[in-house]
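Student: Model the full assembly from the supplied sequences, consistent with the hints where possible.
Each chain, letter by letter, is given below.
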Amino acid sequence: MHKSIESLIRDAEESGRSLPQVVLDRESSETGVPPEQIRARIAQTLQIMRRAIDEGLEGKVRSASGMTGGRAKKLWDGGPRILGNRVTATLARAISTLEVNAAMGLIVAAPTAGAAGVLPAILISVDEFAEGGMGEERLVDAMLVAGGVGGVVAQRASLAGAEGGCQAETGTAAAMGAAAVTWLHGGSHEQISTAIALCLQGMLGLICDPIGGLVEIPCIYRNASAAMQAIAASEMALAGLDFPVSADEVIDVMGEVGRRMPSAYRETAMGGLAATPSAKRLVQIRPTTRPSGASR
Amino acid sequence: MVSLFDILGPTMVGPSSSHTAGACRLGLIARAIAGVTPRRVRIQLHGSFAATGEGHGTHRAIVGGLIGLAPDDLRLREAYDEARAAGLEWEFEDVELGEDAHPNTAIFHVEVGDEQLVVRGASLGGGRVEVSEIDGFPVALTGAYPTLVLLAHDEPGTIACVATIMAGHHVNLATMRVDRTGRHQDALMTIEADEPVNDAALGAIRSFPWLRWARSVPKIS
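Each protein sequence line maps, in turn, to chains Y and Z.
Under this note's numbering, the first residue of the first sequence is numbered 1, with each subsequent residue one higher.
Under this note's numbering, the first residue of the second sequence is numbered 1, with each subsequent residue one higher.
Wrong hints could be hidden among the right ones.
Simulated crosslink set (DMTMM-like; lysine to aspartate or glutamate; CA at most 25 Å straight-line) [to be verified]: (1) Y:K60 with Z:E82; (2) Y:K60 with Z:E130; (3) Y:K280 with Y:E30.
Which bits of chain Y does chain Z cover? Going by a derived footprint, with three or more residues having C-beta under 8 Å, they are [to be verified]: (4) 82-88; (5) 98-108; (6) 138-147; (7) 241-253.
To list a few chain Z residues with every Cβ distance to chain Y over 10 Å, as calculated [claimed, not checked]: (8) P10; (9) E111; (10) H184; (11) A204.
Derived from the structure by calculation, the hints contain no laboratory data.
Only a predicted model underlies this, so the values are computations on that prediction, with no experimental measurement involved.
Just so you know, even glycine gets a beta-carbon here, dropped at the ideal spot from N, CA and C.
Tutor: This is the structure we're talking about:
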């Protein structure tokens, strides 16, 4: 995969290919898998994303800890729609996938399980609210753009909360989503690059401090706000707003912030929200099961 | 190398790529090394696996892997029931392996037939895993390639013999690693290949008197 946003865009401009085509060709040449098979697998991936969203919105999923489940439906049903249905729907969809994840449901870790709600919420909402829909092939293209961005972050910074905090997980997912949405809305290469930078700069420093060490609270809410961050960045970039620091530089800064982040804030449950009295009380009352067994 | 589906995936049963999907893969590899569904397994968990495994479904995922359930198989939720039905007995134990051990380490003590097998591995993040030890021999099994693992009495010509058989069955070798306990004692060979190691190749290798055991470990999705 490409190691910089700059080289990804340069490849597209020099060869006259679209961004998704550049990502697809590179993946095919590196893995030996034919392009049409890659596209088909992405289409399946989208289906799994859709199913997870639908499952969570039914409101029946509950995690083993009992900490999450049912909030996506509560928001969908009872949200006052302050900024209209689109915002509420996107937030609910992001929470939905994470609730399914916490309940041992089937999700797509894009790029991680802890950030699995962001990209599907963005893509499915943008598809739904586009007149006539975006069409499956364009959504597959958008996933390729998102994947290309994630690949750059994986190689320049990190995708793991244990290494770089939540900015590495939901931050990356949001940057991937911002690029995908900007592409879907006909943004130029410069606008796509700006959307990535604008999105990620707003996620810098976000720590990973899950209560009880579980991918539940605050993860479900952070996925929702990351989805909003992505849409906001895309909106501003598409209007031509600029950012003086390049996407690759912002990604590098994210990596640097992650490396300097104290370990208490890197998925250890030793600091941040996880270390508060409220969080500790919640963990104490968590039901436990003895996981051993024997056949008779 | 990062691949597109490391970013847009894996597709998996939640909630954690390291503690659920990775744990399941470790179980799958331990099962593959055993060759069949084990009769009885004792699993030692260290570090974060021990501390937060319960809420991450780590125990279920490992048990599921041991009976052949993949990371995206929803039956992982009911892995205990599935495992009882499959005749597996299991037991978990929390252990402290020290600072040097990877925080997500699992050690499998596998009973299969009259044999005992010890497999040690860790979940590295993002669902990637590495098995680092089989019966005390250092290995580096990731499940990224179809792999042949064999224990042979260390005598001249065994490596050439294995390579010739693989070539004869059109299996292209990617990497090969040999570790031995001492001169003319036992040698463990770990051979990663581009193609699955077929039964014919495995049968041919098993026919040699110097061979103690051989297992074909498939690529883990």
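Student: Each hint should be assessed against the structure and marked as holding or not.
Tutor: Hints versus structure:
1. Y:K60 with Z:E82: Holds. Y:K60 to Z:E82 sits at ~23 Å (cutoff 25 Å).
2. Y:K60 with Z:E130: Violated: Y:K60 and Z:E130 sit about 36 Å apart, past 25 Å.
3. Y:K280 with Y:E30: Given pair Y:K280, Y:E30 is violated - Cα atoms ~47 Å apart, limit 25 Å.
4. 82-88: Since three or more residues must qualify, the claim that chain Z covers the stretch 82-88 of chain Y is violated, with 0 doing so at under 8 Å.
5. 98-108: holds (count 9)
6. 138-147: As far as the stretch 138-147 of chain Y goes, the hint holds, because 4 residues have Cβ atoms under 8 Å from chain Z.
7. 241-253: violated (count 0)
8. P10: At about 6 Å from chain Y, Z:P10 fails to clear the 10 Å cut-off, so the statement is violated.
9. E111: With a cut-off of 10 Å, Z:E111 remains clear of chain Y, as the shortest Cβ separation is near 13 Å.
10. H184: Given a closest Cβ separation of 41 Å, the condition holds.
11. A204: holds, 28 Å
Consistency with the previously given hints fails for numbers 2, 3, 4, 7 and 8, ordered from lowest to highest.
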